[in-house]
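Let chain R serve as the given structure and place chain L on it in line with the hints.
Here the protein sequences line up with chains R and L, keeping their order. Be aware that the first sequence starts at 1, since it is given in my numbering, and climbs by one per residue. Be aware that the second sequence starts at 1, since it is given in my numbering, and climbs by one per residue.
It is possible that some hints are incorrect.
Facing chain R, a subset of chain L residues (Cβ under 10 Å, in silico) [to be verified]:
#1 GLN31
#2 GLU35
#3 PHE38
#4 SER39
#5 ARG42
#6 LYS43
#7 HIS44
#8 ALA46
#9 PRO47
#10 ALA54
Each pair of labels, with its calculated beta carbon distance range [to be verified]:
#11 GLN590(R) x SER76(L): 29 to 39 Å
#12 TYR23(L) x ASP587(R): 53 to 63 Å
#13 GLN31(L) x ALA524(R): 33 to 43 Å
Hints listed in this document are in silico derivations from the structure and should not be mistaken for laboratory results. Virtual Cβ for every residue (Gly too), placed ideally from N, Cα, C.
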Amino acid sequence: MNVEYTGWLLDVYTDRKEGGIVLWFLGDQGERLFLRQPFPVVMYAAGDFSRLRALWHYLEKQPMQVSLERTERRSLFDPDMLTVMKIQVKKAFEQPRLFARIKQYFPELDYYDADIPIFPRFSAKYNVFPLTRCRVVTGTNGWIQEITPLGSRWDLDSEPPPLRILTIEPDIDPSHAQPAKLEIRYGRYHCRWEMKPEKPLLLCLESILRRYDPDLILTNWGDTWLISRLLEYSRQLNIPLSLNRDPDCEVIYKAQRSYYTYGTVVHRGQQIHLIGRWHIDALNAMMFGDYGLEGVFELARVSALPVQVAARNSPGSGITAMQNITALRKEILVPYHKQQTERYKTAFDLIGIDKGGLVYQPLIGLFPDVAEIDFISMYPSIMRRHNISPETVGNQHLNAQFVRDLGLFVNQDQPGLVPETLAPLLDKRITLKQRLLELHPWDCRYKPYKAQSAALKWLLVVCFGYTGYKNAKFGKIEAHEAITAYAREVLLRAKEAAEVLGFTVLHMYVDGLWIQKPGACNVADFQPVLDEILERTGLPIALDGIYKWVAFLPSRQDNRVPVANRYFGVFQNGEIKIRGIEARREDTPQFIVQTQMEILKLLSKAPTADSLPSLLPDITQLLRRRLDEIQKGSLNIEQFLVRQKLSQALNEYRVPSPAARAAKQLEAEGKLIHIGQHVRLLYVRGEQRVIAWDLSLPPDPATLDVIRYKRDLLRAASTLLGPLGVNEDTLRNWLFSNASYAAPPGILPKTNPNCRYFDVSSG
Amino acid sequence: MGRTLVTATQIILDEQREFGDFYRALRRADQQAFEELFSHARKHTAPISMASHALPFEAVLLAMLLEECKKSNQLSQQLDELGKVVDKLHQLVDEFTSSA
Numbered sequence: 001m002n003v004e005y006t007g008w009l010l011d012v013y014t015d016r017k018e019g020g021i022v023l024w025f026l027g028d029q030g031e032r033l034f035l036r037q038p039f040p041v042v043m044y045a046a047g048d049f050s051r052l053r054a055l056w057h058y059l060e061k062q063p064m065q066v067s068l069e070r071t072e073r074r075s076l077f078d079p080d081m082l083t084v085m086k087i088q089v090k091k092a093f094e095q096p097r098l099f100a101r102i103k104q105y106f107p108e109l110d111y112y113d114a115d116i117p118i119f120p121r122f123s124a125k126y127n128v129f130p131l132t133r134c135r136v137v138t139g140t141n142g143w144i145q146e147i148t149p150l151g152s153r154w155d156l157d158s159e160p161p162p163l164r165i166l167t168i169e170p171d172i173d174p175s176h177a178q179p180a181k182l183e184i185r186y187g188r189y190h191c192r193w194e195m196k197p198e199k200p201l202l203l204c205l206e207s208i209l210r211r212y213d214p215d216l217i218l219t220n221w222g223d224t225w226l227i228s229r230l231l232e233y234s235r236q237l238n239i240p241l242s243l244n245r246d247p248d249c250e251v252i253y254k255a256q257r258s259y260y261t262y263g264t265v266v267h268r269g270q271q272i273h274l275i276g277r278w279h280i281d282a283l284n285a286m287m288f289g290d291y292g293l294e295g296v297f298e299l300a301r302v303s304a305l306p307v308q309v310a311a312r313n314s315p316g317s318g319i320t321a322m323q324n325i326t327a328l329r330k331e332i333l334v335p336y337h338k339q340q341t342e343r344y345k346t347a348f349d350l351i352g353i354d355k356g357g358l359v360y361q362p363l364i365g366l367f368p369d370v371a372e373i374d375f376i377s378m379y380p381s382i383m384r385r386h387n388i389s390p391e392t393v394g395n396q397h398l399n400a401q402f403v404r405d406l407g408l409f410v411n412q413d414q415p416g417l418v419p420e421t422l423a424p425l426l427d428k429r430i431t432l433k434q435r436l437l438e439l440h441p442w443d444c445r446y447k448p449y450k451a452q453s454a455a456l457k458w459l460l461v462v463c464f465g466y467t468g469y470k471n472a473k474f475g476k477i478e479a480h481e482a483i484t485a486y487a488r489e490v491l492l493r494a495k496e497a498a499e500v501l502g503f504t505v506l507h508m509y510v511d512g513l514w515i516q517k518p519g520a521c522n523v524a525d526f527q528p529v530l531d532e533i534l535e536r537t538g539l540p541i542a543l544d545g546i547y548k549w550v551a552f553l554p555s556r557q558d559n560r561v562p563v564a565n566r567y568f569g570v571f572q573n574g575e576i577k578i579r580g581i582e583a584r585r586e587d588t589p590q591f592i593v594q595t596q597m598e599i600l601k602l603l604s605k606a607p608t609a610d611s612l613p614s615l616l617p618d619i620t621q622l623l624r625r626r627l628d629e630i631q632k633g634s635l636n637i638e639q640f641l642v643r644q645k646l647s648q649a650l651n652e653y654r655v656p657s658p659a660a661r662a663a664k665q666l667e668a669e670g671k672l673i674h675i676g677q678h679v680r681l682l683y684v685r686g687e688q689r690v691i692a693w694d695l696s697l698p699p700d701p702a703t704l705d706v707i708r709y710k711r712d713l714l715r716a717a718s719t720l721l722g723p724l725g726v727n728e729d730t731l732r733n734w735l736f737s738n739a740s741y742a743a744p745p746g747i748l749p750k751t752n753p754n755c756r757y758f759d760v761s762s763g
Numbered sequence: 001m002g003r004t005l006v007t008a009t010q011i012i013l014d015e016q017r018e019f020g021d022f023y024r025a026l027r028r029a030d031q032q033a034f035e036e037l038f039s040h041a042r043k044h045t046a047p048i049s050m051a052s053h054a055l056p057f058e059a060v061l062l063a064m065l066l067e068e069c070k071k072s073n074q075l076s077q078q079l080d081e082l083g084k085v086v087d088k089l090h091q092l093v094d095e096f097t098s099s100a
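The shape of chain R in the complex, shown without the other chains (with noise of 0.2 Å):
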């Protein structure tokens, strides 16, 4: 007799015991089914047909289950259909190692459809995504008969599925000491275990996954050190730990490692995933601080990752994702390897297109009523509004757009792929992002939105990144310029718009805008730029907000320079907001950061930008017990810490940074830091000059370069005092000389009238 369920699906995966795949679903009732379905895998390859027919005859002679049929598939770049063959296998479980096969024996054949993980598959096929509501119908032997969809991956208001959370924290970072305790919470239960002796901690555990049965163990360094410290103890005492559902399966490792991206190293550490339940270590997750649970859920459903994978993954394996599904649901053939190459260009051409997005640098100093607009996800915009894909661009058609800088041709014929598939999320975002601006920050659904918003917005500005990605497969290089092109020239009309209106710019950042007019200070004020920005762009752009006033500020190395993306304000709702200072750097003491936070919470104050100088003598006073604190000691020492990225590997520096001198220590005492990773490290007086915070010894306070902290924090405190005219060598005179304020701020003649102070040193 047939069973029908309705409720979320949680996890597919592929099935090693019966060969199809299996499907964990939460039922309405709180039931957590585990259900199986066939699920044969299809993939094509092409080429020489000598070949193809040699790799036929390998096959027929596999011990696997293959279905061969010569047939025509759409590729993306050609408008011809082309001939290939299809491969169907069976057993999904199989297809990976067999295509790994194939492709050793064959590497002349193209191949497609072949690297696609099991369950943006399913997606594509069955339209159900990860924690949506679905339908399932089951047999009598309790496979799957029939699975419908019942809401969408782009509904706003989906009901969330009521997951069972396990949360599991060591007391101490592992790295620097060896934890004693465990926190555990789970429904309304709490409880602190201690680590030593392991057999009651085990049994502690495995009573809780038994009774609670959790769907998400979330940890902190879970991937790192917890959960295999865990299993070790497990299988030296011979207790079972049950962190899998799935106990036909095995917990997977997948191995630590460091990459380069954006110009920078990125250290990824060990990943432990569970089957049949999730593990989400939040300190291994990516921006798990930006979205939380929230946003890793929204990524999971809108690409169909499983929630493992979505946690710890870069938003372009998304992207990818979300790309395949649409090519699979098109029936367009997805190339193994990424088959269009950059186009012949000269020096003349590159020096024309190849610009990126356009930065000017700002005017330098402190102005009140600014205006900051910015285009509303500007690149994705672009993207659907002028239809480029990598398909797309470069082809001249009849109804073709040109780019003027590119002297190149966009196809407006057929939607394509890329803006295809950004367009559901580009419209998700824009809805959120609306509501969240109706909403109250205390309304329950404004906290979801926001993460559900951000995990979005990383989609979208990956969605862009990847068409100039040399391994993306739906990526070429022309629609990434296509793409600048577009925004350079929409960020010159932007300006031309405002300055048409009587509004000086006072700095363009990519997308953004901070404007001024004297006498415009109110949201009215403003929206006649809004409205012409919009009619000379068609693209969408909001007011981010008024700031009472805002800083922009010169170079640290030549104060005459100005830094673009380098500023501090004050919204008119009293809303702080910092760019490119210390307060904002991972390698600023947390003492400096709270000192520069504090001082801008008192200028935030005042009323006016004209009666910021009335705020210097309770911001001396707060400086002056600062600087206190740090010569009495009183202090907690991790206030001192700071946070360095390992940039290389340590044989390759020629003068070690200070991060490479604390990972010596480290070294020597066998703990290996690798490129990418962070390390803790204090300040010393002496010849080390640093201390690795991780060591096992704990560090002297008394050893602390006090000189080398107060000189960075009055640099911090000039930072924001620079723009009211105070510089660092003046404050040094307030704090120490005791000098009075003989020399008042903001004693040089204002070049601008519409800025209100210069930094004394600029002249």
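Quick look at chain L alone, frame taken from chain R:
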């Protein structure tokens, strides 16, 4: 990520370095003026980049000229204003002496 060209900021720094010998031979006061000219150019990296000029130093020079032109305009404006004040003062002195 596919970038093949140096940035406008880098172009300016490279050009400044190219003139290292020229710089050395300048007197100290002239060296300061030289540095100021290059800091003028750094304010206009976006237009230099947009110009896509095969000889980028021409765009760098134009950016320097721009700032100098702005400065001289500003000075003429201040001179005009000062001239008006001086005229007014002359007028007042004349009125005062004639009335005395």
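Structure-based check of all given hints:
About 14 Å separates the beta-carbon of GLN31(L) from the nearest beta-carbon of chain R, more than 10 Å, and the hint is not met. At a threshold of 10 Å, the smallest CB-CB gap from GLU35(L) to chain R is about 8 Å, leaving the interface hint in force. With its C-beta approaching chain R no nearer than about 9 Å, PHE38(L) sits inside the 10 Å limit, and its interface hint holds. About 4 Å separates the beta-carbon of SER39(L) from the nearest beta-carbon of chain R, less than 10 Å, and the hint is met.
Satisfaction of the interface hint for ARG42(L) is found here, the shortest Cβ-Cβ separation to chain R being roughly 4 Å, below the 10 Å cut-off. About 5 Å separates the beta-carbon of LYS43(L) from the nearest beta-carbon of chain R, less than 10 Å, and the hint is met. About 7 Å separates the beta-carbon of HIS44(L) from the nearest beta-carbon of chain R, less than 10 Å, and the hint is met. Restraint check, ALA46(L) versus chain R: the minimum CB separation of about 4 Å is within 10 Å; hint holds.
Among the interface hints, the one on PRO47(L) holds; its C-beta lies about 8 Å from the nearest C-beta in chain R, closer than the 10 Å criterion. Below 10 Å, beta-carbon pairs count as interface contacts, and ALA54(L) has one with chain R at about 6 Å; its hint therefore holds. The given range of 29 to 39 Å is broken by GLN590(R) and SER76(L), whose C-beta atoms sit roughly 52 Å from each other. Take TYR23(L) and ASP587(R): their Cβ atoms lie about 33 Å apart, and the range 53 to 63 Å is violated.
At about 51 Å, the CB distance of GLN31(L) to ALA524(R) disagrees with the hint of 33 to 43 Å.
Hint violations for this structure: numbers 1, 11, 12, 13, all remaining hints satisfied.
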